Amino acid sequence: MKLLNCPINGTRPLSEFIFGGEYRVAPDQDSCSDAQWAAYVHNRNGSPGDKKEWWYHSPSGTWFIAERNTLTDKVSRTYLLSNANLNPALESAQ
Amino acid sequence: MQGFDVNKQGFDVNKIVQVSPTAHAQSAEITQWQIVNDMKIAVGFEGADIEKYRKKVLGVTDVSCLARYGVKGPQAAQWLADHEIAIPANSNSWTMCDQKTLVMRLGSSEFLLEDQWGGGACKQLAADSSRQANVYKVARADAAFILSGSAVLNLLSELCAIDLSEQSLSSKEVVMTQVAGISATVLRQTIAGEPVYRLWCDGTYGAYMWQVLLDIAVELGGGAVGLAQYQN
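Residue numbers (the numbering used here), protein chains in the order written: chain R, 7 to 100; chain G, -8 to 223.
Hint data in this document are derived by calculation from the structure and do not stem from the laboratory. Any given hint could turn out to be false.
[As the list claims (entries may be wrong)] Under the rule of at most 20 Å between Cα atoms (straight-line distance), these lysine to aspartate or glutamate pairs were calculated in the EDC-like manner: (1) LYS114(G) to GLU75(G); (2) LYS128(G) to ASP193(G); (3) LYS8(R) to GLU149(G); (4) LYS43(G) to ASP193(G); (5) LYS91(G) to ASP119(G); (6) LYS8(R) to ASP154(G).
[What the hints assert, rightly or not] Here chain G is said to cover these stretches of chain R; the calculated rule only asks that three of the stretch's residues, wherever they fall, bring their Cβ under 8 Å from a Cβ of chain G: (7) 15 to 21; (8) 36 to 43.
[To be verified] Computed far set for chain R versus chain G, every beta-carbon distance over 10 Å: (9) MET7; (10) GLY26; (11) ALA32; (12) TYR46; (13) ARG50; (14) GLY52; (15) PRO54; (16) GLY55; (17) LYS57; (18) GLU73.
Nothing here was measured: the structure is a model prediction, and the numbers come from that model. Backbone N, C-alpha and C define an ideal beta-carbon position, used for all residues, glycine too.
Input sequences plus hints: build the corresponding full structure.
The structure is reproduced here in structure tokens:
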């Protein structure tokens, strides 16, 4: 059984979670170019590696961030966005 | 165009009696119904002696009729405190407040309250129509159950991936997990001196949950227990 750690509810089976997509920071829509905005809306980074992702613990309605290597499927840490101590290496990779 | 007059239909919403969300699964075997808290619910099945025995082995009781109140928001904790309702200090825990009402803290800023027998906090809160910023009422339509008896952990281990034994689930802890494949809230409680498990799920799954719980309970030597076994 695959397990994932919810920051509020603890370690639970993966079947209790729903994947919410990669966590992405939107460019400033007042100052960015059309090309930058179009890239944000339409393009996704599909290459395997360390990613920050939204995950949802459905029984409790908790959205949180998981840092996961999409090549090895190893989750290094999970946290609430409000408590985010964002990984600079992942930030710069985006 | 002629107006639509609901009174001519002989239809009065105030006279509608809500039916327990599990009733659809029970109707074939029910022996006794009663209206409790404006909800039609099963209070007896096979007779008191049989149900007392089931209660000790593995009893499943529908208590969906207990009044519930949900509230959430950044100011929800303060709002409950203003209404003199004691709240649990930590997330995912519960307490019994002075009004004989179970107060569950779901996450940090969401609460579910349930009046126990003789409890009154939910009715008191429901009567308060005032509005306050950052306090949001959450409409509740839960199916609620009491699971009792010596074999209850065998039933739960068939339906839930989490270890809910006494060693793992502390006495004041609330667990939000999946039971029988659907989202549910579980805790351990003592009712009239007897340790039981409480389970809540969305009311639309009530009949399904009742059927699943009962199928396993019967296999393990227990069965349905009417609400009357807890009313006194």
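Do the hints match the structure? See the list:
{"no.": "1", "hint": "LYS114(G) to GLU75(G)", "in the structure": "holds (14 Å)"}
{"no.": "2", "hint": "LYS128(G) to ASP193(G)", "in the structure": "holds (17 Å)"}
{"no.": "3", "hint": "LYS8(R) to GLU149(G)", "in the structure": "holds (18 Å)"}
{"no.": "4", "hint": "LYS43(G) to ASP193(G)", "in the structure": "violated (28 Å)"}
{"no.": "5", "hint": "LYS91(G) to ASP119(G)", "in the structure": "holds (19 Å)"}
{"no.": "6", "hint": "LYS8(R) to ASP154(G)", "in the structure": "holds (16 Å)"}
{"no.": "7", "hint": "15 to 21", "in the structure": "holds (count 4)"}
{"no.": "8", "hint": "36 to 43", "in the structure": "violated (count 0)"}
{"no.": "9", "hint": "MET7", "in the structure": "violated (7 Å)"}
{"no.": "10", "hint": "GLY26", "in the structure": "holds (16 Å)"}
{"no.": "11", "hint": "ALA32", "in the structure": "holds (24 Å)"}
{"no.": "12", "hint": "TYR46", "in the structure": "holds (30 Å)"}
{"no.": "13", "hint": "ARG50", "in the structure": "holds (29 Å)"}
{"no.": "14", "hint": "GLY52", "in the structure": "holds (30 Å)"}
{"no.": "15", "hint": "PRO54", "in the structure": "holds (29 Å)"}
{"no.": "16", "hint": "GLY55", "in the structure": "holds (30 Å)"}
{"no.": "17", "hint": "LYS57", "in the structure": "holds (25 Å)"}
{"no.": "18", "hint": "GLU73", "in the structure": "holds (22 Å)"}
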